[in-house]
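Whole structure, please, built from the sequences with the hints as guidance.
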Amino acid sequence: MTTTAAPPEVAAPRVVRRQASRLHLGALGLGVAALVPLAFLAVFFAWPVGTLIARGFVTDGALDLSGFAEVFARPRTQRIIGQTLLQATLGTTAAVLLGVPGAYVLYRVSFPGQRVVRALVTVPFVLPTVVVGVAFRSLLAEGGPLGFLGLDGTLAAIVLALVFFNYSVVVRTVGGMWARLDPRATEAAATLGASPARAFLTVTLPALTPAIASAASVVFLFCATAFGVVLILGGQRFGTIETEIWVQTTQFLDLRAAAVLSIAQLVVVAAALWVAGRARSARERALQLRAAHTAPLRLRRDAVPAAVTGVVVLVLLVAPLANLAVRSFHTPAGWSLDNYRNLATTGGTNALTVTVWEALANSLRIAVDATVLAVVLGVLVAVVVSRRPRSPGARRAIAGLDAVFMLPLGVSAVTVGFGFLITLNRPPLDLRSSLVLIPIAQAIVALPLVVRTVMPVLRAIDPRQREAAATLGAGPLRVFATIDGPHLVRALGLAVGFAFAISLGEFGATAFLARPDRPTLPVVIFRLIGRPGAENLGMALAACVILAVLTAVVMSLAERLRIDRTGEW
Amino acid sequence: MSLSVRDVVVTYPAAGGGVVTAVDRVSLEVARGEVVALLGPSGCGKSSLLRAVAGLEPVVAGDVRWDGESVLDVPVHRRGFGLMFQDGQLFVHRDVAGNIAYGLAGMPRAEQRDRVAELLELVGLEGYERRSVATLSGGERQRVALARSLAPRPRLLMLDEPLSALDRNLRERLAGEVAEILRRAHVTSLYVTHDHHEARTVADRVGVMIAGRLAQLGAPNEVWGAPASPAVAEFLGV
Numbered sequence: 001m002t003t004t005a006a007p008p009e010v011a012a013p014r015v016v017r018r019q020a021s022r023l024h025l026g027a028l029g030l031g032v033a034a035l036v037p038l039a040f041l042a043v044f045f046a047w048p049v050g051t052l053i054a055r056g057f058v059t060d061g062a063l064d065l066s067g068f069a070e071v072f073a074r075p076r077t078q079r080i081i082g083q084t085l086l087q088a089t090l091g092t093t094a095a096v097l098l099g100v101p102g103a104y105v106l107y108r109v110s111f112p113g114q115r116v117v118r119a120l121v122t123v124p125f126v127l128p129t130v131v132v133g134v135a136f137r138s139l140l141a142e143g144g145p146l147g148f149l150g151l152d153g154t155l156a157a158i159v160l161a162l163v164f165f166n167y168s169v170v171v172r173t174v175g176g177m178w179a180r181l182d183p184r185a186t187e188a189a190a191t192l193g194a195s196p197a198r199a200f201l202t203v204t205l206p207a208l209t210p211a212i213a214s215a216a217s218v219v220f221l222f223c224a225t226a227f228g229v230v231l232i233l234g235g236q237r238f239g240t241i242e243t244e245i246w247v248q249t250t251q252f253l254d255l256r257a258a259a260v261l262s263i264a265q266l267v268v269v270a271a272a273l274w275v276a277g278r279a280r281s282a283r284e285r286a287l288q289l290r291a292a293h294t295a296p297l298r299l300r301r302d303a304v305p306a307a308v309t310g311v312v313v314l315v316l317l318v319a320p321l322a323n324l325a326v327r328s329f330h331t332p333a334g335w336s337l338d339n340y341r342n343l344a345t346t347g348g349t350n351a352l353t354v355t356v357w358e359a360l361a362n363s364l365r366i367a368v369d370a371t372v373l374a375v376v377l378g379v380l381v382a383v384v385v386s387r388r389p390r391s392p393g394a395r396r397a398i399a400g401l402d403a404v405f406m407l408p409l410g411v412s413a414v415t416v417g418f419g420f421l422i423t424l425n426r427p428p429l430d431l432r433s434s435l436v437l438i439p440i441a442q443a444i445v446a447l448p449l450v451v452r453t454v455m456p457v458l459r460a461i462d463p464r465q466r467e468a469a470a471t472l473g474a475g476p477l478r479v480f481a482t483i484d485g486p487h488l489v490r491a492l493g494l495a496v497g498f499a500f501a502i503s504l505g506e507f508g509a510t511a512f513l514a515r516p517d518r519p520t521l522p523v524v525i526f527r528l529i530g531r532p533g534a535e536n537l538g539m540a541l542a543a544c545v546i547l548a549v550l551t552a553v554v555m556s557l558a559e560r561l562r563i564d565r566t567g568e569w
Numbered sequence: 001m002s003l004s005v006r007d008v009v010v011t012y013p014a015a016g017g018g019v020v021t022a023v024d025r026v027s028l029e030v031a032r033g034e035v036v037a038l039l040g041p042s043g044c045g046k047s048s049l050l051r052a053v054a055g056l057e058p059v060v061a062g063d064v065r066w067d068g069e070s071v072l073d074v075p076v077h078r079r080g081f082g083l084m085f086q087d088g089q090l091f092v093h094r095d096v097a098g099n100i101a102y103g104l105a106g107m108p109r110a111e112q113r114d115r116v117a118e119l120l121e122l123v124g125l126e127g128y129e130r131r132s133v134a135t136l137s138g139g140e141r142q143r144v145a146l147a148r149s150l151a152p153r154p155r156l157l158m159l160d161e162p163l164s165a166l167d168r169n170l171r172e173r174l175a176g177e178v179a180e181i182l183r184r185a186h187v188t189s190l191y192v193t194h195d196h197h198e199a200r201t202v203a204d205r206v207g208v209m210i211a212g213r214l215a216q217l218g219a220p221n222e223v224w225g226a227p228a229s230p231a232v233a234e235f236l237g238v
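First to last, the protein sequences are chains A and B.
Every letter in the first sequence is one number past the one before it in the numbering used here, and letter 310, counting from 1, is 310.
Every letter in the second sequence is one number past the one before it in the numbering used here, and letter 31, counting from 1, is 31.
For the record, the hints were derived by calculation from the structure and aren't laboratory data.
These numbers come from a predicted model, not from an experiment.
Note that the Cβ used here is the ideal one computed from N, Cα and C, for glycine as well.
Don't take every hint at face value.
Just a few of them, taken from the derived set where beta-carbon distance is under 7 Å, the chain B residues facing chain A [to be verified]:
| # | residue |
| --- | --- |
| 1 | A54 |
| 2 | L56 |
| 3 | V76 |
| 4 | H77 |
| 5 | G82 |
| 6 | L83 |
| 7 | F85 |
| 8 | Q89 |
| 9 | H93 |
| 10 | Y102 |
| 11 | G103 |
The structure is reproduced here in structure tokens:
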């Protein structure tokens, strides 16, 4: 190497302090980092939801299961549960059947402009449910461009909207896997005399099955818990358990029925999550994968998937949104900006208590609070959950913590909102009149997604990086700042975007908690479409456009900050 | 100034409950400025011993002392024991100078710069300060890793298979250079390897570890000349 004599290294004696305890700052910090979010979850999730569930079982202080028999015996309950399962099954089946060709066209082959189409396909997933409901309504309703199909208020309309939402889940989950499948397996099948169709059915499809099963179970979960979109499109005839909880609480004031339905909902969701978890672990120990591989799109060979995907993108995804945007400029007097000008008013015959702009201001303020809460708590959880400690006990504790913070994903937002309503409205904690309740509820809804966005990035850090830093003299805080910090910052952009977008569009919990004088934008939109008058409908359309654009801008900024795609969503 | 390891036991939780003993009552001394190599087949516990001395694994029984004083209750970052990893574990979000200066926090900027330049010269990478670590070859990475470990002047430097990831030619050449650097830097070192040639080149004394026990410890000529047991002889191939 070099011949210059280096000075002899005299080991500078460091100050060596004997510590009274082996419990180092690191472990202590992690404990505190876990306790804060746990306490939050206990007060604002476990307690309200637990109290709600207890209502189904306990009457006058005694265990009473008669409520179950009574509520489940009602024809109305049976119809709602049947509809929930039917809609979710149909929506999932259609999303998978359409999404698999889409995954092929958008991820396995390549063509000019593919990135734009991929981005376009992702938009519906983050759109507020109220916006999607209104967009489909205005497309399918009498007088709409597709009104002649007579689909308004039918099961088909609901299923289409569910597919609109969840198409991208299938395309992204299956496509991500498909792009990384080793093409040589198919080539080997071809050299053994298999036709392309046989090679697909016998080699490719089995390899994709875990990804398809994982996507299908997540889509089923989203469909079975759909709220805003079903509430708007289903009218009196169709509903889900989720909308029924809302109807029972707000219209029939039957809290016991609502509690029983919440438990039924929990069962459905737990089953879907369990299947999703099984499928995910199968996907993780998947087959021979390699770096993403794409071949150019060949129209003759790929005619069928290309055509299917083209129709889905144009008719199912673009048409409702384009129609929404166009019709927001349409008024009884012709084309004009009046719908947007009216956003500064409280609507025809004073449909609202505040102007739409005021509602937007409320939404933004609440979204900032909810985002701060969700991201701070979510990062704390992710930091703890991403550790891999030595002792089996600590490992189990961390796995448990991970599962606990996924629970809000499984418990419907409506249940959370309803739970708040019956617990946080009296001492010891009376927050009903306080404005913090909505951001807290929305933060609970966003928390699992924040954790799932940040945690994989932190888990990808080699633990020996932290060890190397420690042997160089860095204490726990400096290790966290210099090793975890740079990775955390990258994941944070997307987490903030997700939390903000979720909060802006959140309707299930907010519908329960919003006070009449301080509604959010989705609440105002829902109120406007429920009122008669072309003016109110026009305002709802314009407000939907504003909300959709805002959400899309937030998400595209967040996606831009994302450098790698380690996250699961 | 010396390291003293006394009857150290390190265990890992086993898959089906219970524990696996990775290091079984090992004792050894490393005198100031001495380089001791720990040689053994993979899985013999030599890396576990290193990690335990560094404070990265808990010591179940026995003691680790520096100048007669136990360091078991001293956290990793205050022990002043450096550890160089097999794959370097460079910090990819920092450049070469940023990596080497990592352990120099608290030192004035100008001094840090001088120290980094001095170490880059020592490992033969003059002028590499602003290079991204992603652009380095395997050999260059390990040189940077060595420079980074030496920078804070650790009282003890441990090297965990520092050259194993390199190809044979480079490994043999670098082994000589590393031996030279360790002598010149006059740093007390514990060097883990499974390569006989590397151990002979680098070390003043060689310890042979087999199945968690230190089977023999002595000067290279003694160890190869008179293996203490049939197992040691078989491992050394003599």
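Structure-based check of all given hints:
no.: 1; hint: A54; verdict: 6 Å, holds
no.: 2; hint: L56; verdict: 5 Å, holds
no.: 3; hint: V76; verdict: 4 Å, holds
no.: 4; hint: H77; verdict: 5 Å, holds
no.: 5; hint: G82; verdict: 6 Å, holds
no.: 6; hint: L83; verdict: 4 Å, holds
no.: 7; hint: F85; verdict: 6 Å, holds
no.: 8; hint: Q89; verdict: 4 Å, holds
no.: 9; hint: H93; verdict: 4 Å, holds
no.: 10; hint: Y102; verdict: 5 Å, holds
no.: 11; hint: G103; verdict: 4 Å, holds
The structure meets every hint from the earlier list without exception.
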